[in-house]
Amino acid sequence: MIEQVAVSGLLMGLIYALVAVGLSLTWGVLDIINFAHGEYLMLSMYTAFWLYTLFNMDPYVSLPLAALLIFVIGYLNYKIVIKKVIDAPGLTALLATFGLSLLFRNLAQFFWTPNIRFISNTIVTDKKIELGSVVLGMPQLVAAIGSIIMVFVIYHFITKTKIGKAIQATAQDKSTARLMGINTEKIYALTLAIAGAAAGIAGSFMSTFYPVYPESGMMYGLLGFVIVALGGFGNIMGALYGGIIIGLAEAFGAYFLGTQFKYAVVFLIYLVVIQFKPRGLFGW
Amino acid sequence: MVQPMLQVDGVTMKFGSLVANNRVTFHVNKGEIVGLIGPNGAGKTTLFNCISGFYTPTEGRVVFRGTDITGMKPHLICKLGLTRTFQIVKPLKEMTVKENIMTGAFLHVNTRREAEESADEILEMTHLHDKRDQLAGSLTIADKKRLEVARALATRPDMLMLDEPMAGLNQTEVKEVMELCVSLKENGLTLMIVEHIMEGIMPIADRVVVLNAGEKIAEDVPEVVVNDENVIKAYLGERYHAQSKKS
Amino acid sequence: MVIIRDILRDQKKGIAALLVLIGLLPFIIQDNNFRHVMIMFVLFAALGQAWNIITGYAGQTSFGHAAFFGIGAYASTVLLWKFDVSPWIGMLVGGIIASLVACVVSYPCFKLSGHYFAIATLAIGEIMLQLFVSWEYVEGATGIMLPIKEKGLLNMQFHPANKLPYFYIIYLLFVLIVSIAYIIERSKMGFYLKAIRENPDAAMAIGIDTTKYKLYAMAVSAFLTAIVGSFYAQYVMYIDPFMVFALRISMQIVLLTVLGGLGNIFGPIIGSAILIFLSQYTRIILGGTGKGVDLILFGLLVVVMACYQPNGIVGLFRKFVTKRRREVGVHGTADVAG
Ligand SMILES: Nc1ncnc2c1ncn2[C@@H]1O[C@H](COP(=O)(O)OP(=O)(O)OP(=O)(O)O)[C@@H](O)[C@H]1O
Ligand SMILES: [Mg+2]
Numbered sequence: 001m002i003e004q005v006a007v008s009g010l011l012m013g014l015i016y017a018l019v020a021v022g023l024s025l026t027w028g029v030l031d032i033i034n035f036a037h038g039e040y041l042m043l044s045m046y047t048a049f050w051l052y053t054l055f056n057m058d059p060y061v062s063l064p065l066a067a068l069l070i071f072v073i074g075y076l077n078y079k080i081v082i083k084k085v086i087d088a089p090g091l092t093a094l095l096a097t098f099g100l101s102l103l104f105r106n107l108a109q110f111f112w113t114p115n116i117r118f119i120s121n122t123i124v125t126d127k128k129i130e131l132g133s134v135v136l137g138m139p140q141l142v143a144a145i146g147s148i149i150m151v152f153v154i155y156h157f158i159t160k161t162k163i164g165k166a167i168q169a170t171a172q173d174k175s176t177a178r179l180m181g182i183n184t185e186k187i188y189a190l191t192l193a194i195a196g197a198a199a200g201i202a203g204s205f206m207s208t209f210y211p212v213y214p215e216s217g218m219m220y221g222l223l224g225f226v227i228v229a230l231g232g233f234g235n236i237m238g239a240l241y242g243g244i245i246i247g248l249a250e251a252f253g254a255y256f257l258g259t260q261f262k263y264a265v266v267f268l269i270y271l272v273v274i275q276f277k278p279r280g281l282f283g284w
Numbered sequence: 001m002v003q004p005m006l007q008v009d010g011v012t013m014k015f016g017s018l019v020a021n022n023r024v025t026f027h028v029n030k031g032e033i034v035g036l037i038g039p040n041g042a043g044k045t046t047l048f049n050c051i052s053g054f055y056t057p058t059e060g061r062v063v064f065r066g067t068d069i070t071g072m073k074p075h076l077i078c079k080l081g082l083t084r085t086f087q088i089v090k091p092l093k094e095m096t097v098k099e100n101i102m103t104g105a106f107l108h109v110n111t112r113r114e115a116e117e118s119a120d121e122i123l124e125m126t127h128l129h130d131k132r133d134q135l136a137g138s139l140t141i142a143d144k145k146r147l148e149v150a151r152a153l154a155t156r157p158d159m160l161m162l163d164e165p166m167a168g169l170n171q172t173e174v175k176e177v178m179e180l181c182v183s184l185k186e187n188g189l190t191l192m193i194v195e196h197i198m199e200g201i202m203p204i205a206d207r208v209v210v211l212n213a214g215e216k217i218a219e220d221v222p223e224v225v226v227n228d229e230n231v232i233k234a235y236l237g238e239r240y241h242a243q244s245k246k247s
Numbered sequence: 001m002v003i004i005r006d007i008l009r010d011q012k013k014g015i016a017a018l019l020v021l022i023g024l025l026p027f028i029i030q031d032n033n034f035r036h037v038m039i040m041f042v043l044f045a046a047l048g049q050a051w052n053i054i055t056g057y058a059g060q061t062s063f064g065h066a067a068f069f070g071i072g073a074y075a076s077t078v079l080l081w082k083f084d085v086s087p088w089i090g091m092l093v094g095g096i097i098a099s100l101v102a103c104v105v106s107y108p109c110f111k112l113s114g115h116y117f118a119i120a121t122l123a124i125g126e127i128m129l130q131l132f133v134s135w136e137y138v139e140g141a142t143g144i145m146l147p148i149k150e151k152g153l154l155n156m157q158f159h160p161a162n163k164l165p166y167f168y169i170i171y172l173l174f175v176l177i178v179s180i181a182y183i184i185e186r187s188k189m190g191f192y193l194k195a196i197r198e199n200p201d202a203a204m205a206i207g208i209d210t211t212k213y214k215l216y217a218m219a220v221s222a223f224l225t226a227i228v229g230s231f232y233a234q235y236v237m238y239i240d241p242f243m244v245f246a247l248r249i250s251m252q253i254v255l256l257t258v259l260g261g262l263g264n265i266f267g268p269i270i271g272s273a274i275l276i277f278l279s280q281y282t283r284i285i286l287g288g289t290g291k292g293v294d295l296i297l298f299g300l301l302v303v304v305m306a307c308y309q310p311n312g313i314v315g316l317f318r319k320f321v322t323k324r325r326r327e328v329g330v331h332g333t334a335d336v337a338g
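Chains as they are written, first to last, in the working numbering: chain Z, 1 to 284; chain P, 1 to 247; chain U, 1 to 338.
Accuracy of the hints is not assured; some may be wrong.
Now the in silico label distances, taken between C-beta atoms and shown as ranges [claimed, not checked]:
| hint | chain 1 | residue 1 | chain 2 | residue 2 | range |
| --- | --- | --- | --- | --- | --- |
| 1 | P | Thr67 | U | Val236 | 56 to 62 Å |
| 2 | U | Trp135 | Z | Val135 | 53 to 59 Å |
| 3 | Z | Pro89 | U | Ala16 | 28 to 34 Å |
| 4 | U | Glu136 | Z | Asp31 | 29 to 35 Å |
| 5 | U | Ile183 | P | Thr12 | 56 to 62 Å |
| 6 | P | Gly137 | U | Val20 | 33 to 39 Å |
| 7 | Z | Phe55 | U | Leu24 | 55 to 61 Å |
| 8 | P | Glu229 | U | Gly114 | 47 to 53 Å |
No lab work stands behind these hints, which were simulated from the structure alone.
All figures in this text were calculated on a predicted structure; none of them were measured in a lab.
Idealized CB from N, CA, C, for every residue including glycine.
Let the sequences and hints guide you as you build the complete structure.
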């Protein structure tokens with residue numbers, strides 16, 4: 001039973017990690033908490049849902065489309081809104097991203113009703129793998145594997161490619177990056193777009209086993225903040241470890257204390273860790 | 001012997017393997033102006049941070065008027081009568097000049113009126129009176145430097161530590177700061193001043209302490225210090241270094 | 001606009017005038033619907049005002065004020081329901097508990113900087129929610145229906161069709177909170193809190209015990225938030241954790257205050273007026289379809305404001321006032337010269 005809990009927690013944690021990576025980049029590079037990140041997830045899930053319902057496209061097939069769509073939304077978010085608030089004092093940037101999140105969530109509710117929907121018949125639905133006493137749901141397994149691959153792809157992109165290094169340099173010191181000839185404007189837009197794409201991919205995976213409704217991204221957005229803060233903002237591997245820690249904490253919390261406590265455990269772990277590591281476990 | 005105002009005793013500050021201050025020992029007597037000079041990166045600001053409680057020295061002791069203040073919280077050190085300013089000015093941007101000074105004045109008074117009276121006096125003294133209603137964030141760098149001193153003065157310290165109060169000021173402004181320092185001294189204040197502008201610090205300092213690469217290399221009256229071989233070398237070395245960097 | 005200009009110029013008179021106006025409106029307009037809207041408006045303005053003390057003045061962003069709101073709501077409700085204690089006493093008890101909780105949980109968090117503190121408060125709010133959802137003594141997720149008591153001021157219960165007494169109770173609490181905020185803003189504490197917000201290092205260097213003052217601000221803010229929570233429970237007569245501990249509440253407080261103008265007495269009043277009237281009247285006009293049109297509009301407004309008027313609506317008026325002043329000033333000197 002314990003193995004089952006650990007494995008489920010781990011799978012969920014890997015998906016959380018992919019959600020958190022985008023947030024972490026946004027936080028690290030633009031120094032803003034993007035409250036709309038959870039809504040990117042939600043929009044991606046709806047994309048998968050509608051492509052499935054209207055054109056019978058499997059979420060795995062529509063995944064690139066969803067990723068691209070949210071990539072564009074992230075990019076536009078920067079160009080239209082974030083750009084104007086990035087250097088504003090105080091809570092302005094936060095106000096903007098929170099406004100966006102309200103807007104997306106309620107637009108979704110307006111157009112698609114608050115009803116909870118499921119994608120009922122994908123190629124993985126109801127499939128399972130049994131490893132001894134441990135049962136792995138196929139949708140979760142695929143999502144987790146896909147997520148960890150994506151996390152490493154993004155990690156590789158950030159640490160090895162030229163653009164990635166420019167992103168890193170911008171995160172560390174904006175003005176020096178500018179002196180080095182980096183177009184920070186472009187980097188910001190790209191960062192938000194990549195964050196969107198990551199959320200888009202995570203959302204597509206999740207749509208195979210998680211209900212789709214206007215608020216379906218909210219809890220993930222919140223957990224994302226905790227994971228990012230736990231891992232140290234701007235740190236991709238930190239987000240991965242943070243995601244795994246939170247996934248496991250949630251699973252074990254639910255197992256030992258009851259499901260109603262699972263999020264309390266997660267938040268409590270954050271509060272405790274932050275006492276010893278005020279800038280997260282793996283700050284940049 | 002009379003007890004010194006400030007006694008710095010073997011203070012060492014390490015950042016990892018970097019030794020920013022290495023067993024620095026000196027003292028400041030009541031009513032003196034002591035200059036603290038040294039090339040860039042010598043560890044002057046770090047020493048200020050160690051004395052004012054922003055850093056806890058790795059080793060050594062700081063004693064202020066007989067009280068061991070090593071590692072004490074900055075606000076408590078200020079309450080004891082030792083106030084510092086910052087090299088990189090820290091104005092309370094969204095507050096007016098007068099409000100900035102009043103905030104300092106509240107250390108010893110509790111009512112708004114008393115704080116205002118106190119602030120008015122200091123506004124006059126520091127030539128900021130005309131700008132009292134401007135937001136501190138909108139001041140020129142010279143005025144921000146003035147405000148930095150004014151706000152510290154408002155806490156009515158017995159000893160004031162100024163970190164480069166003259167940097168970025170023109171000649172007239174430097175003169176004004178010098179006059180202010182001298183008049184503060186005449187009023188019984190003790191001052192320790194970090195300064196790169198020699199014309200600003202040498203004429204007013206009673207004694208000068210020279211730091212280089214974290215170590216104290218000289219301590220004497222200005223006339224002696226400027227002719228000290230080690231000091232000249234330290235400064236020349238810096239200049240030489242700067243030139244070689246350029247080419 | 002002239003009135004607004006004068007209000008901003010002479011804060012005290014302006015606040016007094018605004019308070020009188022707010023106090024008279026529901027008395028003059030005898031529409032119950034309108035009175036309900038006014039109650040919600042004043043309630044959220046009061047919450048914004050309380051939150052402003054820790055975030056607007058002291059600069060410590062709290063995303064967890066629903067925790068204190070909920071504690072207030074539950075404290076008075078449980079005392080009334082289980083022990084037959086007057087909600088007025090319950091309100092006081094709730095305020096004190098909220099203050100204590102606020103100090104205990106925020107003290108270790110004050111060393112965190114920026115976003116880390118904000119996320120920590122968010123976590124605290126969510127933990128509170130989860131705790132109350134699973135706390136059987138207070139009926140967990142089921143929530144509590146407040147017992148019907150003898151009507152009157154003592155039990156803070158009145159005929160549901162008559163909203164006026166409810167309005168005046170929350171109105172008085174609101175006036176109390178505004179007064180406290182006003183006094184703090186102009187006192188030593190206000191100066192110290194703003195200094196901490198503007199630059200903690202500078203604050204320490206001039207002798208401010210930053211931790212102590214942040215704690216004071218948090219305690220006062222939590223207390224005031226909790227007493228509004230107690231009133232809310234009395235007004236709606238039923239509470240469950242999802243109503244009073246929701247992140248939605250915390251964020252509404254944040255949004256309306258920032259929208260109106262952070263660190264300013266008028267901010268939360270203006271912000272709440274926009275938020276509440278917008279949501280209540282779009283709902284009435286478009287029918288209670290739950291389509292969230294009000295929130296779409298509000299979201300849009302928030303985004304536009306953030307982009308073009310980062311200092312909130314108060315900032316907009318300010319700009320106008322300074323511009324006018326400058327015009328008047330120029331005019332004045334021209335006169336002298338002429
Ligand atoms: N917080 C810190 N962490 C690591 N190194 C530091 C820190 N503060 C200062 N240093 C290092 O300590 C050395 C001394 O710096 P300090 O700022 O005290 O010099 P300074 O004499 O004030 O120079 P300047 O005249 O340029 O102001 C420098 O090498 C600096 O890089
Ligand atoms: Mg220095």
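Between glutamate 229 (chain P) and glycine 114 (chain U), is the Cβ distance one that fits in 47 to 53 Å?
holds (49 Å)
Taking 33 to 39 Å as the stated bounds, is the beta-carbon spacing between glycine 137 (chain P) and valine 20 (chain U) within them?
Between glycine 137 (chain P) and valine 20 (chain U), where Cβ atoms are some 35 Å apart, the hint holds.
Verdict for tryptophan 135 (chain U), valine 135 (chain Z) (Cβ pair) under range 53 to 59 Å:
Since tryptophan 135 (chain U) and valine 135 (chain Z) have Cβ atoms about 33 Å apart, the given range 53 to 59 Å is violated.
Is it true that threonine 67 (chain P) and valine 236 (chain U) lie within 56 to 62 Å of each other by Cβ?
Given about 57 Å between the Cβ atoms, the range holds.
Is it true that the C-beta distance of proline 89 (chain Z) to alanine 16 (chain U) lies inside 28 to 34 Å, as the hint says?
holds (30 Å)
Quick check on a hinted range of 56 to 62 Å for isoleucine 183 (chain U) and threonine 12 (chain P), using CB atoms only.
violated (48 Å)
Is 29 to 35 Å right for how far apart the beta carbons of glutamate 136 (chain U) and aspartate 31 (chain Z) are?
The hinted range 29 to 35 Å is violated for glutamate 136 (chain U) and aspartate 31 (chain Z), with Cβ atoms some 43 Å apart.
That 55 to 61 Å hint for phenylalanine 55 (chain Z) and leucine 24 (chain U) (C-beta), does it hold up?
For phenylalanine 55 (chain Z) and leucine 24 (chain U) the Cβ distance comes to about 60 Å; the hint holds.
Comparing the model with each numbered hint stated earlier shows that hints 2, 4 and 5 do not hold.
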